[in-house]
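The listed protein sequences derive, respectively, from chains A and B.
Take 1 as the starting number for the first sequence in the working numbering and just add one per residue.
Take 195 as the starting number for the second sequence in the working numbering and just add one per residue.
Just so you know, these hints were derived from the structure itself, not from any lab.
Note that the Cβ used here is the ideal one computed from N, Cα and C, for glycine as well.
Hints are not guaranteed to be accurate.
Derived DMTMM-like pairs: lysine to aspartate or glutamate, alpha-carbon spacing no greater than 25 Å straight-line [stated by the list, open to error]:
#1 A:K69 to B:E717
#2 B:K697 to A:E36
#3 B:K259 to B:E572
#4 A:K68 to A:E126
#5 A:K69 to B:E837
#6 A:K68 to B:D763
#7 A:K35 to B:D233
Calculated from the model, a selection of chain A residues having no Cβ within reach of chain B, i.e. all distances over 12 Å [said to hold, decoys possible]:
#8 L55
#9 H63
#10 Y129
Spelled out from the first residue to the last, the chains are:
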Amino acid sequence: MSWISRGLIALASIIMIGIYFKPLWEITLYAPQYKEGLKMIIWVNKITGGTPHDLRNINLLNHYVGMKKIDPNAIPELKILPVIFGFMIFLGFLTAATGNTKLLYAWAILIIIIGIASLADFWWWEYDYGHNLNPHAPIKIPGMAYQPPMFGCKNLLNFRACAFPSTGTYLLAVSGTLGVISAVIEFFRRRKTQ
Amino acid sequence: MKAKLKLTLFSAVAAGLVSVPSFAQSPAEKVYIPHGKYDEFYAFLSGGFDGQVNVYGLPSGRHLKTIPVFSAYPMNGYGYSEETKAMLMTSHGWIPWGDSHHPELSQTNGVPDGRWLFINENNTPRVARIDLKTFETTEILEIPFSGGNHASTFITPDSKYITAATRFSVPIPQKDVPIAEYKKYFKGTLTFIRADKPGKMDIAFQILVPGYDYDLAHCGKGPSYGWCFFTSYNTEQAHTLLEINASMKDKDYIAAVNWKRAEQCIAEGKYKEVKTKYAHNYRPPEGDRIARTEWKTSVKWIIPKECPGVMYYLPTPKSPHGVDVSPDGKYIIGGGKLATVIPIHSFEKMINAIKNKQFAGEVEGIPILKYEAVNHCEVPNPCLGPLHTEFDGKGRAYTSCFISSDVVIYDYKKCKVLDRVPTYYSVGHLMIPGGDSAKPWGKYLLPMNKITKDVFLPTGPELPHAAQLYDISGSKPQFLLDMTELGEPHYAQAIPASILMKKSLKIFELDKNTHPYATKSEEAAKVVRKGNEVHIYMTAIRSHFTPDNIEGVKVGDTVYFHVTNIEQDWDIPHGFAVLGANTSNLLIMPGETLTLKWTPKEPGVYPFYCTDFCSALHQEMQGYIRVSPKGANVPIKYGTGEEMHVVK
Ligand SMILES: [Cu+2]
Numbered sequence: 001m002s003w004i005s006r007g008l009i010a011l012a013s014i015i016m017i018g019i020y021f022k023p024l025w026e027i028t029l030y031a032p033q034y035k036e037g038l039k040m041i042i043w044v045n046k047i048t049g050g051t052p053h054d055l056r057n058i059n060l061l062n063h064y065v066g067m068k069k070i071d072p073n074a075i076p077e078l079k080i081l082p083v084i085f086g087f088m089i090f091l092g093f094l095t096a097a098t099g100n101t102k103l104l105y106a107w108a109i110l111i112i113i114i115g116i117a118s119l120a121d122f123w124w125w126e127y128d129y130g131h132n133l134n135p136h137a138p139i140k141i142p143g144m145a146y147q148p149p150m151f152g153c154k155n156l157l158n159f160r161a162c163a164f165p166s167t168g169t170y171l172l173a174v175s176g177t178l179g180v181i182s183a184v185i186e187f188f189r190r191r192k193t194q
Numbered sequence: 195m196k197a198k199l200k201l202t203l204f205s206a207v208a209a210g211l212v213s214v215p216s217f218a219q220s221p222a223e224k225v226y227i228p229h230g231k232y233d234e235f236y237a238f239l240s241g242g243f244d245g246q247v248n249v250y251g252l253p254s255g256r257h258l259k260t261i262p263v264f265s266a267y268p269m270n271g272y273g274y275s276e277e278t279k280a281m282l283m284t285s286h287g288w289i290p291w292g293d294s295h296h297p298e299l300s301q302t303n304g305v306p307d308g309r310w311l312f313i314n315e316n317n318t319p320r321v322a323r324i325d326l327k328t329f330e331t332t333e334i335l336e337i338p339f340s341g342g343n344h345a346s347t348f349i350t351p352d353s354k355y356i357t358a359a360t361r362f363s364v365p366i367p368q369k370d371v372p373i374a375e376y377k378k379y380f381k382g383t384l385t386f387i388r389a390d391k392p393g394k395m396d397i398a399f400q401i402l403v404p405g406y407d408y409d410l411a412h413c414g415k416g417p418s419y420g421w422c423f424f425t426s427y428n429t430e431q432a433h434t435l436l437e438i439n440a441s442m443k444d445k446d447y448i449a450a451v452n453w454k455r456a457e458q459c460i461a462e463g464k465y466k467e468v469k470t471k472y473a474h475n476y477r478p479p480e481g482d483r484i485a486r487t488e489w490k491t492s493v494k495w496i497i498p499k500e501c502p503g504v505m506y507y508l509p510t511p512k513s514p515h516g517v518d519v520s521p522d523g524k525y526i527i528g529g530g531k532l533a534t535v536i537p538i539h540s541f542e543k544m545i546n547a548i549k550n551k552q553f554a555g556e557v558e559g560i561p562i563l564k565y566e567a568v569n570h571c572e573v574p575n576p577c578l579g580p581l582h583t584e585f586d587g588k589g590r591a592y593t594s595c596f597i598s599s600d601v602v603i604y605d606y607k608k609c610k611v612l613d614r615v616p617t618y619y620s621v622g623h624l625m626i627p628g629g630d631s632a633k634p635w636g637k638y639l640l641p642m643n644k645i646t647k648d649v650f651l652p653t654g655p656e657l658p659h660a661a662q663l664y665d666i667s668g669s670k671p672q673f674l675l676d677m678t679e680l681g682e683p684h685y686a687q688a689i690p691a692s693i694l695m696k697k698s699l700k701i702f703e704l705d706k707n708t709h710p711y712a713t714k715s716e717e718a719a720k721v722v723r724k725g726n727e728v729h730i731y732m733t734a735i736r737s738h739f740t741p742d743n744i745e746g747v748k749v750g751d752t753v754y755f756h757v758t759n760i761e762q763d764w765d766i767p768h769g770f771a772v773l774g775a776n777t778s779n780l781l782i783m784p785g786e787t788l789t790l791k792w793t794p795k796e797p798g799v800y801p802f803y804c805t806d807f808c809s810a811l812h813q814e815m816q817g818y819i820r821v822s823p824k825g826a827n828v829p830i831k832y833g834t835g836e837e838m839h840v841v842k
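Can you build the whole structure from these sequences, using the hints too?
Here's what the structure looks like:
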């Protein structure tokens, strides 16, 4: 492995550490009585509100349409994801240290799989929250589901729900890209030398 | 010819430019606050005989809130809930009404700082502190040895003291004497209350003074820091038909009190400790928020004769009402209700007069200074019935004139009348934001009327009280708005909204609620019997109570609904009312616990419900409590939904 590739994968791993300190995604609910927005912030290991009480208030509003309570303790992803990314960071550093190309390819493929799987899981999670409604909910609107958008804005009854990736996801994208570039460089370098 | 034309044109344009700034907008445009914009000032008007403080936005004149202080208030249960009942306790027992007069904002370095608002009560002498984080009354102190607390609450520039002085002299201590022996037995008190320690308001000392009527006060600042001034009338010491008998003398007095000297006398032990009993009520602004009454048992009296230098009288024509200190602290303006001039005293002259012993006499050991020795000037032909003066911070004084129904504007240093504006019937006090402080925000003038007459739609024999708002930022006052008021406002204070808004509390943190009967989650809701008391630990959240079905209460029980609003969102109060309650409803703020005491008298099933429209399903926010006959063996049972908990 060239010093450039090893440097890139090391850099990718360092950047990835940032996701433990920055949120991944933000969903904000706007309504006339919530001009400043009720915010739900998704981190790699927790879900918080824009203010200490936002989550409680989102849950309170959701109960009218029968949505499940968002309880961060009951979301397994928040326990698994930190471990997966921890492993990826470790693997990245190991690759940089050993210069092992196979590890590098494995890292690149894994990060692509993890990225796609995470987005799919997130979508499914949103789908479940928006569709799996209590049949005894006080407000029932035929055909209405409350799946928040993954990217962009959408009207949900009296709320305008907007969702956008946050710093952590951008860090992850940069990290993954750097890792994949490193793998690509190595791949072509190998082909040339063969 | 051409040159003349040019000059005319130039002058016209110049004149136009000068007048543009103040009249560019019409009054309607100036008082219109578009959606999403806030008023520039909060104005706090005393409610007079409604015992409250009413909050308005300026310049819109919109009523924002009523803060109950000395009167029970059914709208939110103040004075009715177990947590607030103690606020209205006095040595005369529980009093649900008061006559509130003069609000005063706390100050730092002579400038309103937005921490607290103080206000006095005349009828049952009391003073109160309102916490401006929540716009709630948090403290009330009773004043003993006072016949009516009128010259109150005026503050020292550091908020160390607020004043209180008796309007009606009475036998002190009270005793059974013939009224005709007024001169022999009747006395007054000037009281200094330590005000800078929330929760610890206390009477620092009282000065025992001659039996006059004490009307208003203001404390010195800058060079006059350390002094407070009180007006007196009825120095004739009449006890009947005061209208005539108290209007005999040409001059009454402004009492100048050196409170720094008083502090010295206290430190040197030159005082008398007297036994008495008075209430100090305090409601913590956080924690359990349960008001308590602490009984105080003595006060320190200063007798002027025994503490020389503590007090002097400044002769002032004629039955003075207001006494107002200019922002620079150098001038003291008296408003003589029956005077034809406005006398302006000079603080510097007063100090010199004291130094040079320019005395005209003495009453009960209090030297009377020579009028000519202290008087800076008399504003000639100002108006009829001058009452009260505020300042705009630009060298101008504004005095309200009751009889001539106008406000006279003058240069108080040069003693020169500049302007006057009408007040559409009988003005009392007036207010400029910060107008009695060291740094007035001299933008608006608000004269408050005592009598309204044909300004508004008639509403039967009693019309609303009124005020007029003027823009005084330009060279000429511009009339902006007629305002209606609640109660009979005596005085007001105003402060820029920007100072208060950042302190404003949105919710009470549920985690910090230490009320002994707080219920912080629906799972923790319960019903507990203690002898013939039943305590209901209840939660309220959009759109239900937990529990909402309660059984096992019996006639003869005393039921306590301890309702905790477990919401943590701004402006989501819940109400609580139960059929047949003899008190009022509760209005419970997010994170707060309030208690309604209920004594059912007949068996039956009684509904309770949320009184504040809280959500789409507010009408469904209701429940039932079953009351069984005395001696029935229905067990305590409660719940929300399918599951009922049975307590054996
Ligand atoms: Cu409600």
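Consistency of the hints with the structure:
1. The suggested pairing of A:K69 with B:E717 holds, with an alpha-carbon distance near 16 Å, which does not exceed 25 Å.
2. Annotation: proposed proximity of B:K697 to A:E36 holds, straight-line Cα distance about 18 Å (limit 25 Å).
3. Restraint check for B:K259 and B:E572: not satisfied, since their Cα atoms lie roughly 41 Å apart, outside the 25 Å limit.
4. Using a Cα cut-off of 25 Å, the hinted pair A:K68 and A:E126 holds, with the two alpha carbons roughly 11 Å apart.
5. With a C-alpha separation of about 20 Å, the suggested pair A:K69 and B:E837 falls inside the 25 Å cut-off, and the hint holds.
6. At most 25 Å may separate the alpha-carbon atoms for a hinted pair to count; A:K68 and B:D763 meet this at roughly 20 Å.
7. Restraint check for A:K35 and B:D233: satisfied, since their Cα atoms lie roughly 19 Å apart, inside the 25 Å limit.
8. Taking the minimum C-beta to C-beta distance to chain B, about 10 Å, the non-interface status of A:L55 is violated against the 12 Å cut.
9. The Cβ of A:H63 does not lie farther than 12 Å from every Cβ of chain B; its closest approach is about 8 Å, which violates its non-interface assignment.
10. Residue placement check: A:Y129 keeps its beta carbon more than 12 Å from all beta carbons of chain B (closest about 20 Å).
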